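Enquirer: Input sequences plus hints: build the corresponding full structure.
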Amino acid sequence: MWEYTDKVKEHFLNPRNVGIVDDADGVGEVGSLACGDALKLSIKLDENKLIKEAKFQTFGCASAIASSSALTEMVIGKTLEEARRITNENIAEYLGGLPKEKMHCSVMGRDALEKAIECYLGEEAKAVEGEIVCECFGVTDIQIERAVRENSLKSIEDVTDYVKAGGGCGNCHDKIQDIIDDIMGSEAAPRTKKKALTNLQKIRMIEEILESEIKPALEKDGGNIELVDVAGNKVTVRMRGACATCSRSQMTLNNYVETVLKDRVSHELVVEEV
Amino acid sequence: MAKIIYVDNNATTQVAPEVVESMIPYLGEYYGNPSSIHAFGGDVGLKLKEARRELSDLIGADPEELVFTSCGTESDSTAIRSALKAQPDKRHIITTSVEHPAVKNLVEQLGKEGYRTTTVPVDSKGRLDLVYLYQNLSDDTAVVSVMWANNETGVIFPIEEIAGKVKEKGILFHTDAVQAVGKIPIDVHKLDIDMLSLSGHKLHAPKGVGVLYVKKGTTFSPFLMGGHQEHGRRAGTENVASIIALGKAARFTAAHMEEENTRVRQLRDKLENALLDKIPHSMVNGDPENRLPNTTSIAFEFVEGESILMLMDQHGICASSGSACTSGSLEPSHVLRAMNVPFTAAHGSIRFSLSVFNTEAEIDFIVEKLPPIIERLRKMSPFWEDAQLKDRMIT
Ligand SMILES: Cc1ncc(COP(=O)(O)O)c(C=O)c1O
Numbered sequence: 000m001w002e003y004t005d006k007v008k009e010h011f012l013n014p015r016n017v018g019i020v021d022d023a024d025g026v027g028e029v030g031s032l033a034c035g036d037a038l039k040l041s042i043k044l045d046e047n048k049l050i051k052e053a054k055f056q057t058f059g060c061a062s063a064i065a066s067s068s069a070l071t072e073m074v075i076g077k078t079l080e081e082a083r084r085i086t087n088e089n090i091a092e093y094l095g096g097l098p099k100e101k102m103h104c105s106v107m108g109r110d111a112l113e114k115a116i117e118c119y120l121g122e123e124a125k126a127v128e129g130e131i132v133c134e135c136f137g138v139t140d141i142q143i144e145r146a147v148r149e150n151s152l153k154s155i156e157d158v159t160d161y162v163k164a165g166g167g168c169g170n171c172h173d174k175i176q177d178i179i180d181d182i183m184g185s186e187a188a189p190r191t192k193k194k195a196l197t198n199l200q201k202i203r204m205i206e207e208i209l210e211s212e213i214k215p216a217l218e219k220d221g222g223n224i225e226l227v228d229v230a231g232n233k234v235t236v237r238m239r240g241a242c243a244t245c246s247r248s249q250m251t252l253n254n255y256v257e258t259v260l261k262d263r264v265s266h267e268l269v270v271e272e273v
Numbered sequence: 000m001a002k003i004i005y006v007d008n009n010a011t012t013q014v015a016p017e018v019v020e021s022m023i024p025y026l027g028e029y030y031g032n033p034s035s036i037h038a039f040g041g042d043v044g045l046k047l048k049e050a051r052r053e054l055s056d057l058i059g060a061d062p063e064e065l066v067f068t069s070c071g072t073e074s075d076s077t078a079i080r081s082a083l084k085a086q087p088d089k090r091h092i093i094t095t096s097v098e099h100p101a102v103k104n105l106v107e108q109l110g111k112e113g114y115r116t117t118t119v120p121v122d123s124k125g126r127l128d129l130v131y132l133y134q135n136l137s138d139d140t141a142v143v144s145v146m147w148a149n150n151e152t153g154v155i156f157p158i159e160e161i162a163g164k165v166k167e168k169g170i171l172f173h174t175d176a177v178q179a180v181g182k183i184p185i186d187v188h189k190l191d192i193d194m195l196s197l198s199g200h201k202l203h204a205p206k207g208v209g210v211l212y213v214k215k216g217t218t219f220s221p222f223l224m225g226g227h228q229e230h231g232r233r234a235g236t237e238n239v240a241s242i243i244a245l246g247k248a249a250r251f252t253a254a255h256m257e258e259e260n261t262r263v264r265q266l267r268d269k270l271e272n273a274l275l276d277k278i279p280h281s282m283v284n285g286d287p288e289n290r291l292p293n294t295t296s297i298a299f300e301f302v303e304g305e306s307i308l309m310l311m312d313q314h315g316i317c318a319s320s321g322s323a324c325t326s327g328s329l330e331p332s333h334v335l336r337a338m339n340v341p342f343t344a345a346h347g348s349i350r351f352s353l354s355v356f357n358t359e360a361e362i363d364f365i366v367e368k369l370p371p372i373i374e375r376l377r378k379m380s381p382f383w384e385d386a387q388l389k390d391r392m393i394t
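Sequence lines, in order, name chains F and D.
Counting with numbering that gives the first Met the number 0, you get residues 0 to 273 for the letters of the first sequence.
Counting with numbering that gives the first Met the number 0, you get residues 0 to 394 for the letters of the second sequence.
Heads up, some of the hints might be wrong.
In silico contact screen, one side only, chain D against chain F (beta carbon under 10 Å); selected entries [stated by the list, open to error]:
| no. | residue |
| --- | --- |
| 1 | Glu300 |
| 2 | Gly304 |
| 3 | Asp312 |
| 4 | His346 |
| 5 | Gly347 |
| 6 | Pro381 |
| 7 | Trp383 |
Computed list of lysine-lysine pairs in DSS-like fashion (alpha-carbon distance at most 27 Å, straight line) [as the list claims (entries may be wrong)]:
| no. | chain 1 | residue 1 | chain 2 | residue 2 |
| --- | --- | --- | --- | --- |
| 8 | F | Lys6 | D | Lys2 |
| 9 | F | Lys6 | D | Lys214 |
| 10 | F | Lys8 | D | Lys368 |
| 11 | F | Lys8 | D | Lys378 |
| 12 | F | Lys6 | D | Lys368 |
| 13 | D | Lys215 | D | Lys48 |
| 14 | F | Lys43 | D | Lys378 |
| 15 | F | Lys153 | F | Lys174 |
| 16 | D | Lys2 | F | Lys51 |
| 17 | D | Lys166 | D | Lys206 |
| 18 | D | Lys269 | D | Lys111 |
| 19 | D | Lys111 | F | Lys174 |
| 20 | D | Lys206 | D | Lys103 |
Cβ-Cβ distance ranges computed for the label pairs, FRET-style [what the hints assert, rightly or not]:
| no. | chain 1 | residue 1 | chain 2 | residue 2 | range |
| --- | --- | --- | --- | --- | --- |
| 21 | D | Asp390 | F | Met183 | 46 to 52 Å |
| 22 | F | Glu122 | D | Thr116 | 46 to 52 Å |
| 23 | F | Met0 | D | Leu129 | 35 to 41 Å |
| 24 | F | Gly18 | D | Gln108 | 45 to 51 Å |
| 25 | D | Gln313 | F | Arg203 | 47 to 53 Å |
| 26 | D | Leu388 | F | Gly129 | 43 to 49 Å |
| 27 | F | Lys6 | D | Gln387 | 29 to 35 Å |
| 28 | F | Glu9 | D | Leu388 | 48 to 54 Å |
| 29 | D | Ala360 | F | Lys6 | 31 to 37 Å |
| 30 | F | Gly129 | D | Gln13 | 50 to 56 Å |
No lab work stands behind these hints, which were simulated from the structure alone.
Since the model is a prediction, treat every value here as computed from it, not as a measurement.
C-beta atoms are modelled at their ideal positions from N, C-alpha and C, and glycine is treated no differently.
Expert: Encoded structure:
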């Protein structure tokens with residue numbers, strides 16, 4: 000018996016948005032009967048280019064159905080840009096986590112979404128990218144590389160859990176190991192330094208978002224914001240102008256700045272004002 | 000707990016109430032060591048002797064030919080490794096493509112250790128390619144291990160014929176009879192079987208106790224070394240309460256053998272026919288002509304087994320699946336793959352395995368609950384519409 004979260008069970012037992020959207024703007028299909036799971040996602044946009052409707056058809060286990068159902072809930076009301084930023088990790092998080100062996104269900108969701116968006120944008124469904132590494136499940140080197148990078152996968156078993164590669168005959172295990180070694184080798188060789196690097200990246204991202212999105216929005220109300228410090232997941236900012244004295248500044252912070260930063264950088268961030 | 004409808008008896012069985020009762024005194028009051036000289040322990044030893052006799056009656060062996068083990072898996076490992084140890088100059092093992100992992104994974108490992116292994120394939124109904132098996136018997140073959148009945152499909156293999164042919168060549172024959180013992184009559188002395196494995200928890204005894212039958216005169220090499228228990232063939236102080244329970248369970252299954260092959264068989268047939276009838280695109284995996292009376296494996300196309308099991312679980316119905324997702328592996332069961340069951344069907348295969356504790360009302364309940372579950376999942380499946388379209392084009 001798998002240890003599914005209540006949320007996974009709930010979505011499996013009461014799946015939302017089952018079916019096919021009439022006159023869909025974009026359809027993404029991934030998986031196959033042979034592989035044991037498949038997902039067909041269809042989306043429709045409204046006049047403001049927000050995703051108005053999203054429906055799914057899924058063949059697969061409980062976590063595949065739950066991931067699909069969660070995905071439709073997550074994308075409805077989002078712009079394509081926002082939807083595009085949804086990662087497989089986000090889908091798993093939304094469900095309160097998935098058993099490790101079932102992470103490929105969340106990857107399937109992400110892939111279907113990507114395909115549906117590409118379909119809408121009329122982007123050539125990128126012809127089979129890369130070279131097939133796993134013959135059993137038809138997984139390419141590019142797909143494996145991406146999963147390894149995005150989820151910091153460290154072993155063949157991890158790769159199998161996320162994209163199925165290597166889960167069949169096992170003939171491709173050496174190739175998968177080579178891909179993992181290549182990526183681990185190239186990524187900041189001394190791995191102890193990795194944390195500092197992520198932090199730096201995090202700070203840079205926060206700065207960027209503050210400058211490009213949050214400041215312009217606050218300036219409209221005659222306010223301003225300045226980044227004071229980032230310590231771990233604690234972001235300290237200073238409010239200026241109208242915001243500093245405004246009794247609603249606390250609310251502004253929590254509701255707006257924090258939401259944006261959480262959404263864009265990391266769910267763990269907390270924003271505090273000096 | 001809500002009412003449980005248990006049709007997963009090839010996974011494990013309910014310990015029969017009288018079996019539970021038989022073992023309790025030996026967990027409490029009578030805790031003596033059966034090897035002790037004093038009567039307090041010695042009496043326990045007598046009780047073990049009785050259990051040994053009850054079991055030997057069940058399979059037609061002599062009591063001294065039985066070795067109590069910790070499970071079916073230990074019996075399998077002991078048998079195959081002993082056969083190899085006893086004939087160090089022979090380097091070849093024959094087994095089948097549908098064995099339980101207890102044999103399959105061991106033989107794979109032995110292959111890595113340098114033994115030559117031959118795996119006998121099955122056809123689409125799960126029947127062994129006997130010609131292939133016989134062709135591969137050679138002077139170098141140390142042991143042939145063929146299960147008596149398959150745990151997933153219930154298919155029964157022609158053990159009498161195989162054992163005879165293997166014996167003609169003077170090769171050791173072992174059978175994993177874990178699923179057969181207690182369900183169909185077995186008489187080892189009538190056949191040329193050198194070793195046979197059975198497991199307590201498949202025949203209404205507790206988990207964690209098994210038996211290896213070793214025919215008199217067979218060279219034997221123990222798996223566990225140590226004390227003199229089991230005449231030195233399996234060291235370690237006996238699992239007294241469980242062995243006593245297994246003896247009682249042997250009597251229980253012998254007494255119910257007739258019922259298993261009449262009433263239980265009829266219930267299985269009723270379940271199978273009703274489901275095939277009510278659910279389009281469903282079919283039986285295996286060989287209906289040669290099958291355990293309690294087992295049916297049914298494939299429901301275009302849906303996935305884990306989802307079916309979880310929805311059945313909502314109604315308290317317990318069964319198993321040959322699908323990939325339930326096992327944690329990504330491919331459907333090696334048994335269904337060996338039979339070349341198409342992927343459309345393999346992923347949605349459910350095994351129902353009954354016991355004498357099942358009632359007709361329970362079967363009716365499953366027949367009522369399952370069709371809507373399959374329909375619900377098919378409506379969610381991206382392949383269902385196409386399948387229906389094709390159906391319409393054909394009719
Ligand atoms: C055919 C077969 N062999 C061996 C075993 C293993 O028995 P045990 O669980 O007692 O080790 C099983 C049970 O799952 C089985 O079905």
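Enquirer: Against each hint, give a clear statement of whether it holds in the structure.
Expert: Here is how each hint holds up against the structure:
no.: 1; hint: Glu300; verdict: 9 Å, holds
no.: 2; hint: Gly304; verdict: 8 Å, holds
no.: 3; hint: Asp312; verdict: 9 Å, holds
no.: 4; hint: His346; verdict: 5 Å, holds
no.: 5; hint: Gly347; verdict: 9 Å, holds
no.: 6; hint: Pro381; verdict: 4 Å, holds
no.: 7; hint: Trp383; verdict: 8 Å, holds
no.: 8; hint: Lys6/F with Lys2/D; verdict: 24 Å, holds
no.: 9; hint: Lys6/F with Lys214/D; verdict: 55 Å, violated
no.: 10; hint: Lys8/F with Lys368/D; verdict: 19 Å, holds
no.: 11; hint: Lys8/F with Lys378/D; verdict: 19 Å, holds
no.: 12; hint: Lys6/F with Lys368/D; verdict: 24 Å, holds
no.: 13; hint: Lys215/D with Lys48/D; verdict: 18 Å, holds
no.: 14; hint: Lys43/F with Lys378/D; verdict: 21 Å, holds
no.: 15; hint: Lys153/F with Lys174/F; verdict: 14 Å, holds
no.: 16; hint: Lys2/D with Lys51/F; verdict: 43 Å, violated
no.: 17; hint: Lys166/D with Lys206/D; verdict: 33 Å, violated
no.: 18; hint: Lys269/D with Lys111/D; verdict: 45 Å, violated
no.: 19; hint: Lys111/D with Lys174/F; verdict: 21 Å, holds
no.: 20; hint: Lys206/D with Lys103/D; verdict: 21 Å, holds
no.: 21; hint: Asp390/D with Met183/F: 46 to 52 Å; verdict: 51 Å, holds
no.: 22; hint: Glu122/F with Thr116/D: 46 to 52 Å; verdict: 50 Å, holds
no.: 23; hint: Met0/F with Leu129/D: 35 to 41 Å; verdict: 38 Å, holds
no.: 24; hint: Gly18/F with Gln108/D: 45 to 51 Å; verdict: 48 Å, holds
no.: 25; hint: Gln313/D with Arg203/F: 47 to 53 Å; verdict: 49 Å, holds
no.: 26; hint: Leu388/D with Gly129/F: 43 to 49 Å; verdict: 34 Å, violated
no.: 27; hint: Lys6/F with Gln387/D: 29 to 35 Å; verdict: 32 Å, holds
no.: 28; hint: Glu9/F with Leu388/D: 48 to 54 Å; verdict: 33 Å, violated
no.: 29; hint: Ala360/D with Lys6/F: 31 to 37 Å; verdict: 35 Å, holds
no.: 30; hint: Gly129/F with Gln13/D: 50 to 56 Å; verdict: 52 Å, holds
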